[in-house]
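Listed below, chain by chain, are the residues.
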Amino acid sequence: MSEQIEHHYFDVVVIGAGGAGLRAAIEARLQGKRTAIISKSLFGKAHTVMAEGGCAAAMGNVNPNDNWQVHYRDTMRGGKFLNNWRMAELHAKEAPDRVWELETYGALFDRTADGKISQRNFGGHTYPRLAHVGDRTGLELIRTLQQKIVSLQQEDFAATGDYESHLRVFHECTITELFRTDGRMSGCFGYFRDDGRFVRFDAPAIVLATGGVGKSYQVTSNSWEYTGDGHALALRAGATLINMEFLQFHPTGMVWPPSVKGILVTESVRGDGGVLRNSEGKRFMFEYIPDVFREQYATSEEEGDRWYTDPDNNRRPPELLPRDEVARAINSEVKAGRGSPHGGVFLDIASRLSPEEIQKRLPSMYHQFKELADVDITKEPMEVGPTCHYVMGGVEVDPDSGMSTVPGLFAAGECSGGMHGSNRLGGNSLSDLLVFGRRAGLGAAEYVDGLDAVPAVAAADVAEAEQRALLPFSSATEGGENPFVVHLELQKTMNDLVGIIRKADEMELALKKLEDIATRTRTVSVEGRREFNPGWHLALDLRNMLLVSLCVARAALERQESRGGHTRDDYPAMDSDWRHVLLVCSALGEDNVELARKEQIPMRPELFDLFELDELKKYYTGEELGGHRAGSGEDS
Amino acid sequence: MSHWQHFRVWRGDSEKGELVDYPVEVNEGEVVLDIIHRLQQTEAQDLAVRWNCKAGKCGSCSAEINGRPRLMCMTRMSTFTEDEVITVTPLRAFPVIRDLVTDVSFNYTKAREVPSFAPPPDLAPGEYRMQQVDVERGQEFRKCIECFLCQNTCHVVRDHEENKEAFAGPRYLMRIAELDMHPLDVAQRRADDAQDEHGLGYCNITKCCSEVCPEHIKITDNALIPLKERVVDRKYDPLVWLGSKIFKRSGA
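Chains A and B are the protein sequences, given in the same order. Residue numbers for the first sequence follow my numbering, beginning at 34 and rising by one. Residue numbers for the second sequence follow my numbering, beginning at 136 and rising by one.
To give an idea of the chain B side of the interface with chain A (calculated C-beta under 8 Å), a few residues:
{"hint": "1", "residue": "Glu165"}
{"hint": "2", "residue": "Ala183"}
{"hint": "3", "residue": "Ser195"}
{"hint": "4", "residue": "Ser251"}
{"hint": "5", "residue": "Pro260"}
{"hint": "6", "residue": "Gly261"}
{"hint": "7", "residue": "Arg264"}
{"hint": "8", "residue": "Val270"}
{"hint": "9", "residue": "Gln274"}
{"hint": "10", "residue": "Lys278"}
{"hint": "11", "residue": "His317"}
Hints are computed from structural coordinates only; laboratory data are not their basis. Remember, predicted model here, so these are calculated numbers, not experimental data. From the three backbone atoms N, C-alpha and C, an ideal C-beta is built for every residue, glycine too.
Could you build the full structure based on these sequences and the hints that come with them?
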């Protein structure tokens with residue numbers, strides 16, 4: 034190929050500029066590494082801005098009984114004990130430090146009366162735990178990290194005369210391929226959106242922080258960027274993904290008007306007192322408390338309502354069950370014909386708080402409904418329904434360093450897997466990306482320090498990556514389909530056949546359809562030039578979405594039980610024999626995946642002992658319970 | 136519940152361009168960005184547009200709709216009559232890259248010129264104490280989604296390329312005000328620097344920035360005017376003036 038390719042050298046390249054990516058980059062730079070941040074959209078626009086409710090960290094500012102052990106237990110429960118327990122442990126222990134650190138970067142969280150960071154209630158969290166700024170916490174987080182990056186660049190400018198000497202942001206740049214040399218990471222390849230020029234980064238350490246996969250679904254709260262890039266890049270580079278069958282359908286997305294279907298309605302509405310009702314006006318969540326949670330949730334409306342003011346002596350209302358439970362309940366109500374006019378249920382805050390209080394606590398929600406749906410949430414209930422929100426599955430990593438099975442390749446945030454098990458608690462995402470973003474940045478820096486020589490990128494790999502990127506323009510795909518058409522079909526397939534409730538025959542059909550979509554994806558064709566050409570961008574994103582969708586469908590078909598973000602109509606019960614099994618995906622070429630079973634490492638004894646035996650019995654098989662303190666107490 | 140509407144969309148690049156007419160289907164509840172996406176999916180696959188969240192939270196899809204700077208995702212089609220011609224053009228104050236996408240790097244350059252938050256040296260992380268009433272002033276400005284509509288609208292730079300060098304624009308003057316009002320920021324001279332280094336004096340409080348802000352931040356009233364008042368207080372306060380003279384003399 035004749036084109037001159039822009040070429041950069043860095044110690045660490047971070048792909049993704051959301052919370053995890055920025056925190057990783059900050060850490061790598063603090064460790065003295067020359068670091069690049071690659072952002073698919075403009076700097077500061079990443080999907081983290083969409084996070085509303087808050088950032089979970091057991092600071093104990095509102096309820097002093099909170100501590101990391103309680104947070105750890107809540108996280109494991111939320112994930113139905115399928116979580117990587119080491120990640121959950123690190124997360125619970127380190128989240129407070131990561132939040133406090135943000136204040137030194139300039140973040141302004143809402144305060145308690147004594148001037149500390151205020152914390153709010155959220156589904157699955159025992160105590161008020163979410164640091165927040167109204168209902169725009171994600172924006173605060175991304176802006177704070179963005180401003181910290183600017184501040185580090187200002188320090189570098191003072192020292193070197195160049196703002197970008199140690200930390201450089203490449204925005205509107207998409208990476209399409211990772212390079213491996215002798216089994217180790219050596220660099221990556223991509224294009225700039227604005228003029229379509231190609232770029233190559235040579236770097237021994239690469240951190241994936243690309244977020245989720247929601248754009249493979251029709252109804253989603255995710256933006257166009259969420260096309261599973263990191264997941265697919267990792268697969269194609271030889272790394273593995275775990276837990277891909279677990280997708281979180283957020284219970285409350287907007288359902289009307291059609292153009293905003295799927296947009297998120299924050300869980301804070303329920304945390305602050307909002308209740309779910311069906312078309313008969315009934316608070317139906319009381320009917321849907323599963324056995325494993327029966328002791329922790331109120332059984333009457335009166336008790337649930339008292340909890341908001343007296344949480345020590347009452348149990349929480351079932352509207353605050355983990356998200357998977359609430360999403361399934363809404364789904365059932367709608368299916369039973371008790372839905373709202375546009376196919377959702379009612380979320381009512383108007384009758385629960387004063388208009389002033391609603392506008393103060395939920396300003397973005399007020400604004401969103403007023404402007405997009407012409408609904409005044411201080412006067413009328415919202416109509417809501419499940420929307421594809423978060424993928425629990427992702428790159429299989431070492432919990433402490435964030436390194437994947439490929440040396441030099443790291444992952445953090447939503448694109449990594451394990452931390453949340455089968456279901457993520459609300460608020461645990463912002464804390465996840467801070468804790469593991471930092472760890473991945475640190476892990477990458479330490480890895481680079483330990484290298485004797487930097488691996489060189491092979492010229493043939495670059496040429497191949499370039500060729501693949503240009504394929505949609507080439508004569509080989511002439512007469513191929515419009516990528517928008519193929520994308521819509523992929524979304525419909527995943528939504529209808531591998532959605533919130535799953536059946537074997539439907540997933541088999543989905544896999545057949547995906548096979549057909551794979552052929553069509555290879556031959557999509559685009560018009561026009563390379564300058565800011567959305568058709569071309571989608572053509573390249575499409576192959577990532579396809580590969581990820583194959584993982585989701587294959588893993589979902591394999592797992593014959595229901596757990597967290599994976600519900601099987603044909604296997605409705607949770608099965609202890611599946612709890613310790615991880616489904617690991619690896620790629621076979623560009624559009625096929627292989628599935629393997631792997632045993633989960635048993636929890637460390639002192640962490641295991643944080644739970645009561647009675648609770649563990651609901652999740653574990655008999656022989657797994659042997660090591661518990663209750664058992665050894667009887668022995669002695 | 137659907138009808139056809141006449142859209143005119145600016146197509147072109149940094150060198151040349153024109154308004155192109157498109158008849159396009161509009162359904163109930165849609166916003167302008169939906170229509171732009173429909174054009175992409177049907178007859179203009181390569182129509183360049185920047186967008187992300189489609190929920191008014193990221194500030195990416197800024198454009199001028201019938202001459203008014205707006206977010207395309209927050210402009211409902213029901214606010215127009217069915218026979219109205221809807222003209223969508225790129226932001227005027229920034230150079231066009233292609234179609235509706237402009238080069239907004241001006242803003243990132245200005246962001247980098249504002250000195251960052253200066254944390255108190257004696258406070259460890261976790262020891263920060265601030266009252267809600269005190270953080271609320273800064274929180275209003277931190278609602279900013281950086282859509283750059285205010286930067287695009289401000290007459291100081293909208294038709295005066297020559298002022299861009301000296302003028303940070305409403306968004307970044309507001310950032311200075313935010314830091315100046317931060318209860319724990321220890322930097323000195325933020326207000327003075329706003330005047331001397333970032334062009335606060337160019338602003339003659341016509342409030343155009345506040346009018347186009349999709350977050351309804353009172354940029355002029357709550358950020359720029361108080362910042363101007365601080366400048367006046369410091370620059371024209373006889374005691375401060377005397378102090379600065381004495382300080383200069385002793386330093387010389």
